[in-house]
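Sequences listed follow chains H and C, in order.
Using our numbering, read the first sequence as starting at 3 and increasing by one per residue.
Using our numbering, read the second sequence as starting at 3 and increasing by one per residue.
Careful, some of the hints might be misleading.
Below, in silico cross-link-like pairs of lysine to any residue (SDA-like), each with a Cα-Cα straight-line distance of 25 Å or less [as the list claims (entries may be wrong)]:
| hint | chain 1 | residue 1 | chain 2 | residue 2 |
| --- | --- | --- | --- | --- |
| 1 | C | K106 | H | R144 |
| 2 | C | K106 | H | S264 |
| 3 | H | K260 | C | K106 |
| 4 | H | K106 | C | R109 |
| 5 | H | K106 | C | T158 |
| 6 | C | K260 | H | Q236 |
| 7 | H | K106 | C | D91 |
| 8 | C | K106 | H | R165 |
| 9 | C | K106 | H | R109 |
| 10 | H | K260 | C | A33 |
| 11 | C | K106 | H | R259 |
| 12 | H | K106 | C | R144 |
| 13 | H | K106 | C | V238 |
| 14 | C | K106 | H | L84 |
| 15 | C | K106 | H | Q236 |
| 16 | C | K260 | H | G107 |
| 17 | C | K106 | H | A33 |
These are computed hints drawn from the structure, not numbers from a lab.
There are 2 protein chains.
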Amino acid sequence: MKPFWDGQPEISRDLACVREMIARCAAAEDADVHAAISQLLSASGKMLRPAFVLLASRFGAPDRDRILRIAAAVEMLHMATLVHDDIIDGAHFRRGVATLNAAKGPRTAVLVGDWLFASCFSLIADIARTENARALSHMVARICAGEIGQSADRFTVHTSRRRYLRRITGKTAALFSLSFYVGAVESGCSEEVQSILRRLGFCVGMCFQIVDDILDFSPGASDIGKPAGSDLVQGVLTLPTILALRADDGGLAKIIRKGPLSRRAAARAARMVGARGGIDAARLEAETYTRRAQREIQRLPPSEARDVLAEVTTRLLNRTW
Amino acid sequence: MKPFWDGQPEISRDLACVREMIARCAAAEDADVHAAISQLLSASGKMLRPAFVLLASRFGAPDRDRILRIAAAVEMLHMATLVHDDIIDGAHFRRGVATLNAAKGPRTAVLVGDWLFASCFSLIADIARTENARALSHMVARICAGEIGQSADRFTVHTSRRRYLRRITGKTAALFSLSFYVGAVESGCSEEVQSILRRLGFCVGMCFQIVDDILDFSPGASDIGKPAGSDLVQGVLTLPTILALRADDGGLAKIIRKGPLSRRAAARAARMVGARGGIDAARLEAETYTRRAQREIQRLPPSEARDVLAEVTTRLLNRTW
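Please model the complete structure; the sequences and the hints are all you need to start from.
In structure tokens:
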């Protein structure tokens, strides 16, 4: 794991417990599942979603073991979508490590993703309050539908900003929002605090995904384990491209419309996106969501957790990986 | 749908409602999901699992709408595993129709399977009793682990009868058992009847899968939409092969151990399985499960539903498709 939570020893320790819990859950299964999950865990990223479950729970009176399990379930759900995304994208690397799909083939990747999905639901059904179990189930359906929408939009230059925002709501912001929300509900926060945290999660998720999509254009993006411009190669139009197309003379649209892009064509298109101001404009949108997030944070009761959230939100906007 | 339930107009009508419910659920999503689900539904098979939910519920006092939804959830779960199985097997046809994977590519197949999984959990979380939601979630994890086990065993001539039975428990009998059980629990059957129906579902599921695996060897197996011997081509050793290997002089084992089999080698191996008595021996095991199922049925309170179960159980043993 990259040292994103190094300044927060308590969160770091809890996230280590979450990883251990997931590994233990996999250890009860066949050796292949265990090996695959261990590999995924060793390359786990910032673990933002479980961290947000933990942070949100601090605004109530959390039962630590219960919250850790819910955090584990949320991370397993995220892992499932990553594993299946890698099959869909035919990706060979993620975070600098060979994907399960590349290392073990689609057979294992499909099954391990399904196992993660199912285990997440098992964990949630066992421990969560009924309303949380429902919210989580609906969320997953929504996330899948979001992914299918992204799939349908490929190589379509008419993808609108609005359609993009709706897509990333389903793909990312919904799960961020849910992470905050389940943490709040399970620790017995007041309804007002639950609502603030749910909206905060949404804004953080939107900002996170827009920044992620911007980083895909930066030459240093290999830090996050993907080659630069990989979205364009896949034909996925993200906010910088969509906003650049508004200032386009037709040259950029022409490249994209052709269908599957070569690495070279994608790099050229990526430069055109920058030259047409798409990256700067997308950055402004990310900043807007960060400001909305900070306003929600100010409405929370003052506490150490609140300070951590304020700091992390700014750091997520300014990150380079 | 093949006319398996033609003699049961009420079940046929209810199954039509189940299909409609699933279609409606998909219609609320993006057009691609809707098209994919419609295609899957048009090629739906005997719909045994939802039919068993419905039949089991008749031993209690079912709330029809609620039971139909649960039946739909169970069928969606089954559809999800079929769609993902087709990716894993690289299958081009199922029940004579092009698989989603072949028609639309793995991208759509992965996502549609995930959407079905998630929608099943949503339905269940919304309506089922908490204990049923839990049982179902655990079951799915178990089914996935069963599939991964099958994957790990490919081309292994040492797969034992016991290991095979454990594998099909996870792969098939668990969901059959659950279908009977949720029908019973949700309609408020006594604990004794719940237990009988759960065990009955297990026996019917075991018999069903063994017969399915026998049919894979029969020349007329193309009726079920797969070419004969397709399990052997995939390197999956089922009961007839496992039992034939006990009477093998080494010739059959040698072919299998070589790894991926050509169509011709698989056909030769399939003939050897028959010649070594593997199919007859597997048939005896299927009959044993049918007898156990009939004993459980006799313990149920006399009713029309009981007569239907007795008739269907025998028909499943003797089916040729």
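Verification of the supplied hints:
no.	hint	verdict
1	C:K106 to H:R144	holds, 21 Å
2	C:K106 to H:S264	holds, 22 Å
3	H:K260 to C:K106	holds, 20 Å
4	H:K106 to C:R109	holds, 18 Å
5	H:K106 to C:T158	holds, 18 Å
6	C:K260 to H:Q236	violated, 38 Å
7	H:K106 to C:D91	holds, 14 Å
8	C:K106 to H:R165	holds, 23 Å
9	C:K106 to H:R109	holds, 18 Å
10	H:K260 to C:A33	holds, 23 Å
11	C:K106 to H:R259	holds, 20 Å
12	H:K106 to C:R144	holds, 21 Å
13	H:K106 to C:V238	holds, 18 Å
14	C:K106 to H:L84	holds, 21 Å
15	C:K106 to H:Q236	holds, 16 Å
16	C:K260 to H:G107	holds, 20 Å
17	C:K106 to H:A33	violated, 32 Å
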